[in-house]
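Trainee: Protein chains in written order, with the numbering used here: chain B, 1 to 217; chain P, 1 to 217; chain Y, 1 to 217; chain W, 1 to 217; chain C, 1 to 217; chain L, 1 to 217.
Please keep in mind that the hints were generated in silico from the structure rather than gathered at the bench.
Among these hints, one or two may not hold up.
A pair holds if it fits inside one copy or across any two, identical chains being indistinguishable in the list.
[Claimed, not checked] Each computed EDC-like pair below joins lysine to aspartate or glutamate, with the alpha-carbon atoms no more than 20 Å apart:
(1) K193 <-> D182
(2) K203 <-> D74
(3) K181 <-> D24
(4) K124 <-> D74
(5) K153 <-> E60
Number of protein chains: 6
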Amino acid sequence: MTETALFARMERELYSAVLSDALDRVGVRNHTANPRIRPLKSGMVAAGRAATILCATVHEVPEKPYEMIIGALDKLKPNEVAFLAAEDVSAAIWGELLSTASRARGARGAVIDGVTRDVKQIVKMNYPVFSTGITPTDSSGRADVVETGTTVKSGDAEIRPGDIVFADIDGVVVVPRGVEKDVLKLSFDKVRKENTVRSELIKGRLLRQVWEKHGVL
Amino acid sequence: MTETALFARMERELYSAVLSDALDRVGVRNHTANPRIRPLKSGMVAAGRAATILCATVHEVPEKPYEMIIGALDKLKPNEVAFLAAEDVSAAIWGELLSTASRARGARGAVIDGVTRDVKQIVKMNYPVFSTGITPTDSSGRADVVETGTTVKSGDAEIRPGDIVFADIDGVVVVPRGVEKDVLKLSFDKVRKENTVRSELIKGRLLRQVWEKHGVL
Amino acid sequence: MTETALFARMERELYSAVLSDALDRVGVRNHTANPRIRPLKSGMVAAGRAATILCATVHEVPEKPYEMIIGALDKLKPNEVAFLAAEDVSAAIWGELLSTASRARGARGAVIDGVTRDVKQIVKMNYPVFSTGITPTDSSGRADVVETGTTVKSGDAEIRPGDIVFADIDGVVVVPRGVEKDVLKLSFDKVRKENTVRSELIKGRLLRQVWEKHGVL
Amino acid sequence: MTETALFARMERELYSAVLSDALDRVGVRNHTANPRIRPLKSGMVAAGRAATILCATVHEVPEKPYEMIIGALDKLKPNEVAFLAAEDVSAAIWGELLSTASRARGARGAVIDGVTRDVKQIVKMNYPVFSTGITPTDSSGRADVVETGTTVKSGDAEIRPGDIVFADIDGVVVVPRGVEKDVLKLSFDKVRKENTVRSELIKGRLLRQVWEKHGVL
Amino acid sequence: MTETALFARMERELYSAVLSDALDRVGVRNHTANPRIRPLKSGMVAAGRAATILCATVHEVPEKPYEMIIGALDKLKPNEVAFLAAEDVSAAIWGELLSTASRARGARGAVIDGVTRDVKQIVKMNYPVFSTGITPTDSSGRADVVETGTTVKSGDAEIRPGDIVFADIDGVVVVPRGVEKDVLKLSFDKVRKENTVRSELIKGRLLRQVWEKHGVL
Amino acid sequence: MTETALFARMERELYSAVLSDALDRVGVRNHTANPRIRPLKSGMVAAGRAATILCATVHEVPEKPYEMIIGALDKLKPNEVAFLAAEDVSAAIWGELLSTASRARGARGAVIDGVTRDVKQIVKMNYPVFSTGITPTDSSGRADVVETGTTVKSGDAEIRPGDIVFADIDGVVVVPRGVEKDVLKLSFDKVRKENTVRSELIKGRLLRQVWEKHGVL
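Turn these sequences into a full structure, and let the hints steer you where they fit.
Mentor: Right, dumping it as structure tokens:
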């Protein structure tokens, strides 16, 4: 399966909670990005390889504004998800035009551990963007890119360039390369099993009976 | 009126703000659970008797995971609302399968002073669930039930087993047994009165005139 | 153009992010109210002149409850937006009846740096209300108006009576009287220019090329 | 015993933890002011009757600055402790000159649920002042007195004018008038009992033995 | 060297910052407990093996109060440091009598990721106690021990029973058993080297020269 | 007067609260750095010209650790005060060796809007260091210098290179160059006047009388 097909299938069939359980199963317990990161609209889903972008607060408008964020965005590749570590930043490091440029490069979405703006337009173009908050205030002279392609942290997870990032209504999980294969297999399996469990519970079975029989919860 | 009929009528006709005012009127001023508790979807409403479940953070996966939450859920009775005091907990103590099991027992909804997951599926099954946040991360080895059927606190309210809990888009209020009858009467009365006040204001009457005439705001 | 026509056009054509950029351009960099202020529903927009209302926490029900908030609301004038500085207050200082009264006076909306209630009814009447949170708990004996028509602060902005307030899905910006004319001109201009930029990005142009050519981001 | 003798004895022999236990014993479980209130110097102790002063944030310098705080301070009476409810205020509502004036009126100290300044001078004059923080910034145009002699809240306690306030290194407790007599008796008794318990523990007795024998911990 | 001699030497010669650097060197980068944990008095130092005690909030006075904390304390062994994970708890889980009992068992101190009381008496008996805060309010019916001898978390560190805990004015570091030997060797070595660096800097050498020569900062 | 003599006199005779009042008087109302910045020891005072150093969080150990902080410190000049804007950083960006190097360059102290370590040693060498917190954890791979000699923000103040910074037990104030002369004159005057006011208050004069006569509070 091509990467494009894999990520499209993940977006269609999986969800972050089931990936989280699979990561727990293989012993990777710190895998959830800042839980305050939420989709701009409830149905948004994005799966892809992390393109990490580390941001920081600044207090002066630089001579060449946007220099570094432009450099970071123009380097995005197909099937990547831009992951902006900007938790300490209060200005909007993301917006409509970056969403447009990012989609034009083939990226599958953007996860910002920080704030965005242009929510109305991004929702209208239906590009999957996830952020911890919203503000109209632009980043110029307030925040800047410090480094790209470096390891970043968010919530209890570390995100390395190339790790799989999966974001949906429940939040954002990170699958390190080393466990990628096992985690995907476990996840696709569990999704099937949950259908059985659900229908038994609807029939009135006690949780204890169902748990003892299927070991899924 | 049966309890089932009463709670169904409450869900149809009342709202949390009017119950809050009635509680103030009878002198119970601390009656609002943590105001960060929000419905997973805006139209959700739940009224019922509190089944209290106290949770705490743990740091090791126990030998028998889920043992205590399973015990708590399998004991739920019709017309109860599960009230999980899990404010200190960062993992998801609630999810789709617990919602399914809880509805199968006849419970009218779940209020979690803590976080949940499986939002997409819970919204799809249209079960009223209220929480302070959302995360994909499972509770196993991160949080556990400490006690059931005990008094718990949330926001400025104490919730005793059997107290009426009412949750909607404005938040969650708690009606202690001792004032239940008076509070319900005052609430159904006030809802009627507000229609008059509203139409006078629309016609352009000043708030002062309306307040002096009807004593409702 | 009348003020009514101006504000209606602003609500139709502008958005808070473009006003924020224009304010930056004229050197007014502190212009964003508390970014936790959010619309009760995503499509809400309000533009108008600020009617400032400063609130504070109290701990006793006064002899004449609501005396001061009634006084403040009954003074509202057409094309004003009520701006309630109530960040320190945990009870709901706003609700359905105040929304009804405020609309009846010709006000275009309410921005509360604090919490509201009656969300369901306010959304139903489609009145633009923005707040930092929601609670069912009434303000009587918990919060009160301290002063009206005074300068207030919210986020990094100062709001003076008569300043233009613009609130939408991205947040709330404040345009001081002295720069009003320039900011409006720059904003209407920028909205036009962004259409060009957007279509070039969709065609695959790099951000660097677009930025160097149009100077818009 | 005169009030002056009583409060002097309390400051000499009691401490806030023992009063807290006695309040628990008589069923008053919400009796601790904001635990972030700390003495400016570790040995400071103050016991007296609460003179309550409610403060709030303002954003403009008034025509007559300090008008209201002066009024509040000049009314202080001997054996009172000024209790300033100023939790929402970020400027210093207290300082050296107010300490000097307050001592000159016979007050036994000041508890500020808010911030103070002039720490060096207040410590030098050895006047018992307790606050949640310190800042050099003056209150003029930033905070003001809203009301005096009203009920105020701090932490989980309500403070009514005339309630006994006791502040030391462990924090601030409030003894309501109705339970004053019982609480003082229980407290002076417990202080005696603890000496026995302490010496048994030093000799190596297990906590279980000591607790079963004396019922003190 | 006996354990008693080792911990006494560590308390005399080492400090938490040098242990932190050594832990970084051997690749254990998450080793610092909650940095809000502070000594009750500035000179306090404690080194020993962790006796972990996990606590949680409760909302009712149990039938047998203190049952579980008594059990935990009476089991303490010589050269242990009690480590109470009570970050979510707002009542005082520690105090003078527990300090007395703990010292009588031979424990070298107590680290509370939570609040304590009886500060005056603990400081007087000079027992090393570290906490995140102080309150007069007792734990009975407000907090309880949930488990002992389990892994707990604090700050970015995991503390397993028997890990070395070192607490001083800079904070609290945790040395896992597996790297204990290497970390202690590196630490005693670095302390010696710093004396050379310090004296070169005092003479006016640039940081760059000193860093390039000694590799210590 | 030389700069050295001026700053020595300021440290001896002035305090931050009086400078804060003088700044208010000349219309500079935003002049207080983050009020959580506290001296490591109560008597510490530092006055000098700001050498600004902007820091940010990083998540990887760089190839050349400490490269940038070394560069920043080695450039310090006599009568400067290092001002580190590191509010978003949780590792210790300052410590004993930097204090030693900074004093060797003639700097008068360090103000860190962030955390430090090596408190015991810094207090022992009696170098004025102010920080928002303390941690043993080193900055390498956790935080780095982003820029020097740029405008930085802290609390409600902007600090430009060369502005006077004054730090003592009450906090940190910033005097912009343009108002420097007026502010110093007003401050030295006010210190004299306060002695009169204080002695009148001690004699029992009411605050109102003293305020009306001297206009000082």
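Trainee: Looking back at the numbered hints, which does the structure fail to meet, lowest number first?
Mentor: Number 4 - this is the single hint that the structure violates.
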